[in-house]
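*Asks:* The residues making up each chain are set out below.
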Amino acid sequence: MLNLDQYSCLGAALRDALERWPNETCLIESDRDKEKTRLTYSDFKELALPLARALEDAEFKAGDRAAIIMTNQSKWLISAYAIFYCGGVLVPLDYKLTAVEHLQLLAHCQAKFLIVEYYLWRAIMQSPEFKNHKIQTVLVTEAPLGADLAGAYRWEEFRRKGDPEFVSRQGEDVACIVYSSGTGGRPKGCVLTHENYLEQCKSLTAWYPFWPGVRYLSILPTNHAIDFMVGFIGPFVCGACVVHLRTLRPEFVRDAFVRYKITYMSLVPMVLKNLERGLKAKFDALSGAQRFVLQKLIAVNKRLTRRRPSPRLSRWLLPQVHQAFGGHLLALFTGGAFMEPSTLQFFYDLGIPVANGYGLTEAGTALTLNDFKPFRADSVGKPLPGVLLRVLNPDGEGIGEVAVHSKTVMSHYLDDPELTAETIVDGWLLTGDLGRFDGDGHLQLFGRKKNMIVTEGGKNIYPEDIETVFDGLPVKEYCIFAANYLWAAKKLGNEMLVLVLRLEQGQEFNDKLKDEMAVRNRRLPDFKRVGGYVVWEKDFPRTASMKIKRTVLAEEIGKILGRAALVEL
Amino acid sequence: MHTPEETLEEILNLAAAHFKVPRQKLTPDDDFFKTLGIDSLQALDLLTRLENHFHVELPDYELQGVSDFRTLAGRIQARL
Numbered sequence: 001m002l003n004l005d006q007y008s009c010l011g012a013a014l015r016d017a018l019e020r021w022p023n024e025t026c027l028i029e030s031d032r033d034k035e036k037t038r039l040t041y042s043d044f045k046e047l048a049l050p051l052a053r054a055l056e057d058a059e060f061k062a063g064d065r066a067a068i069i070m071t072n073q074s075k076w077l078i079s080a081y082a083i084f085y086c087g088g089v090l091v092p093l094d095y096k097l098t099a100v101e102h103l104q105l106l107a108h109c110q111a112k113f114l115i116v117e118y119y120l121w122r123a124i125m126q127s128p129e130f131k132n133h134k135i136q137t138v139l140v141t142e143a144p145l146g147a148d149l150a151g152a153y154r155w156e157e158f159r160r161k162g163d164p165e166f167v168s169r170q171g172e173d174v175a176c177i178v179y180s181s182g183t184g185g186r187p188k189g190c191v192l193t194h195e196n197y198l199e200q201c202k203s204l205t206a207w208y209p210f211w212p213g214v215r216y217l218s219i220l221p222t223n224h225a226i227d228f229m230v231g232f233i234g235p236f237v238c239g240a241c242v243v244h245l246r247t248l249r250p251e252f253v254r255d256a257f258v259r260y261k262i263t264y265m266s267l268v269p270m271v272l273k274n275l276e277r278g279l280k281a282k283f284d285a286l287s288g289a290q291r292f293v294l295q296k297l298i299a300v301n302k303r304l305t306r307r308r309p310s311p312r313l314s315r316w317l318l319p320q321v322h323q324a325f326g327g328h329l330l331a332l333f334t335g336g337a338f339m340e341p342s343t344l345q346f347f348y349d350l351g352i353p354v355a356n357g358y359g360l361t362e363a364g365t366a367l368t369l370n371d372f373k374p375f376r377a378d379s380v381g382k383p384l385p386g387v388l389l390r391v392l393n394p395d396g397e398g399i400g401e402v403a404v405h406s407k408t409v410m411s412h413y414l415d416d417p418e419l420t421a422e423t424i425v426d427g428w429l430l431t432g433d434l435g436r437f438d439g440d441g442h443l444q445l446f447g448r449k450k451n452m453i454v455t456e457g458g459k460n461i462y463p464e465d466i467e468t469v470f471d472g473l474p475v476k477e478y479c480i481f482a483a484n485y486l487w488a489a490k491k492l493g494n495e496m497l498v499l500v501l502r503l504e505q506g507q508e509f510n511d512k513l514k515d516e517m518a519v520r521n522r523r524l525p526d527f528k529r530v531g532g533y534v535v536w537e538k539d540f541p542r543t544a545s546m547k548i549k550r551t552v553l554a555e556e557i558g559k560i561l562g563r564a565a566l567v568e569l
Numbered sequence: 001m002h003t004p005e006e007t008l009e010e011i012l013n014l015a016a017a018h019f020k021v022p023r024q025k026l027t028p029d030d031d032f033f034k035t036l037g038i039d040s041l042q043a044l045d046l047l048t049r050l051e052n053h054f055h056v057e058l059p060d061y062e063l064q065g066v067s068d069f070r071t072l073a074g075r076i077q078a079r080l
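Residue numbers (our numbering), protein chains in the order written: chain H, 1 to 569; chain S, 1 to 80.
Calculated directly from the structure, the hints in this document are not laboratory data. All values derive from a computational prediction rather than experimental measurement. There may be inaccurate statements among the hints.
Claimed, not checked - Examples of chain H residues toward chain S, derived with CB under 8 Å:
no. : residue
1   : Lys161
2   : Gly162
3   : Arg254
4   : Val271
5   : Thr420
6   : Asp526
Beta carbons: idealized from backbone N, C-alpha and C, even for Gly.
Based on the provided sequences and hints, a complete structural model is requested.
*Replies:* Pasting the structure below:
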């Protein structure tokens with residue numbers, strides 16, 4: 001891999017990677033069973049530089065912000081490189097947000113340029129807020145012939161001849177603005193520097209290196225911190241290859257393992273569980289004798305890999321299982337949301353190690369990761385090199401808030417010094433997660449101090465971001481909390497959002513109100529929905545400016561109402 | 001050519017068969033995530049089944065934000 005110590009910015013590291021491995025494949029893009037694109041590092045450069053030159057000619061300057069809203073595909077990475085080449089700041093936005101949310105965040109980050117996939121641009125154009133946008137230049141990928149693009153350019157045609165000028169940046173300069181939440185009113189744009197990313201890349205590849213020939217299957221959104229690092233920067237600075245799929249149907253993901261001989265993949269618990277279900281169904285379909293032999297072989301594999309994984313041995317013992325994963329898989333990575341230890345153990349016993357980790361956008365990709373020395377199913381691993389963690393104000397069981405000090409911690413929240421000061425105190429980032437270190441230096445998580453949930457799909461959902469959908473609900477007042485915030489569970493899992501209702505005097509809760517709640521709830525994407533409700537008998541405590549005192553209210557509810565009061569919605 | 005009603009009815013039948021639930025348990029405006037107890041990956045599996053049945057190709061994004069059978073039927077009908 002490149003020696004990242006010699007670089008001050010991502011653009012320079014990527015530029016040297018393209019020169020160092022011109023003939024290695026860097027990107028493969030597959031749509032169902034058809035391969036759409038296969039690029040070498042040299043091809044990638046040939047596609048990116050004319051775009052960089054066109055951006056330069058369109059007055060895109062160092063420090064200017066360009067947003068990308070796209071599903072995982074080669075044009076995402078090509079565009080990002082062109083932005084870095086010009087010294088720009090990349091704002092990767094989640095393609096699963098609504099058009100209104102996209103416009104809110106584009107306005108908040110004051111993006112000058114936008115690179116967007118056609119179906120998403122179509123939705124943005126139809127939004128009532130569209131007329132107010134202030135984006136100077138929009139590039140749309142894969143637009144059908146004759147489509148009305150409302151003044152936007154076609155990405156495929158937006159290129160100029162001639163060498164663009166490479167604009168170098170310093171380590172402390174901003175590389176990306178990544179939104180961790182805040183579509184409901186207070187956007188949390190994490191401002192991450194080039195140094196943040198270079199340090200993340202160094203520490204991750206120290207434990208899990210890439211090299212030419214490694215193939216990383218990228219199915220988490222590239223806008224997400226994890227995929228941006230291990231599905232772009234990490235593989236590229238090591239000469240490895242990233243595989244993109246245009247559909248995430250489980251059957252095509254399974255096919256991709258085999259067709260492209262995948263080495264690594266990051267996934268969320270939902271995908272891992274889906275793979276587990278599929279494997280268990282296949283095992284159940286075996287005859288009694290075959291199942292008996294399989295169980296014996298799994299037991300042998302488990303015993304022989306107790307201390308560390310042994311891919312060759314596992315592939316020899318359990319060839320059919322490993323062939324289903326392409327036969328080259330070294331590890332899967334997961335993190336963010338709660339992962340059942342039994343699922344992690346299931347895969348490890350088959351010789352497919354899943355490295356469970358922990359991180360947050362504010363602190364870079366990952367803070368801790370399992371290193372398989374030996375495998376542990378009950379922890380999120382040890383701190384990565386260069387990451388200092390401590391547990392603040394531990395209780396009698398050693399559990400307290402996890403704080404982090406690391407060169408990977410963001411610079412600040414965009415345009416929110418107050419929130420930054422609350423979150424980064426004396427150089428330590430307060431994560432809002434509750435944890436404890438065990439005697440082996442492994443971190444175990446025990447829930448959250450902050451009012452949010454993480455779904456099985458790895459999405460962070462903050463109650464404030466979804467409350468507006470209940471505006472106008474015929475009650476006196478309402479508020480949304482994470483259930484584990486109201487009733488501290490001291491564990492992860494079973495996370496759900498709770499709607500707390502305060503009825504008008506004399507008002508009775510009835511089916512009409514419940515239906516109204518359900519209808520509004522369904523306007524939210526399925527992963528953002530409220531799971532239950534409680535009726536609260538007192539007025540909400542409020543500040544002088546009439547804001548709900550959420551912490552006080554949560555404490556009161558937690559004390560007076562038990563979790564049993566929760567009714568499913 | 002399917003009428004919108006026929007498309008919807010066939011989707012309900014296919015979903016019931018695919019997830020092994022009684023057909024009468026499903027109604028057009030059901031939140032299929034909730035009624036079927038499925039996650040978004042299982043919903044994508046259903047989409048494949050529907051593609052094969054109706055002989056259309058549906059990009060994953062056609063399911064984005066869709067959680068009831070009626071809307072899903074509309075998306076498929078538009079491509080028939």
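*Asks:* Run every hint past the structure and note whether it holds.
*Replies:* Consistency of the hints with the structure:
1. This hint is violated: Lys161 of chain H has a C-beta 33 Å from the nearest C-beta of chain S, more than the 8 Å allowed.
2. The beta carbon of Gly162 of chain H is not positioned within 8 Å of any beta carbon in chain S (closest approach about 36 Å), and the interface hint is therefore violated.
3. Hint on Arg254 of chain H is violated. Least Cβ distance to chain S is approximately 11 Å, over the 8 Å limit.
4. Given the 8 Å rule on beta carbons, the hint for Val271 of chain H holds: about 7 Å separates it from the nearest Cβ of chain S.
5. Interface restraint check for Thr420 of chain H: the shortest CB-CB distance to chain S comes to about 33 Å, outside 8 Å, so the restraint is violated.
6. The beta carbon of Asp526 of chain H comes within 5 Å of a beta carbon in chain S, closer than 8 Å, and the hint placing it at the interface holds.
When each numbered hint is compared with the structure, violations occur for hints 1, 2, 3, 5.
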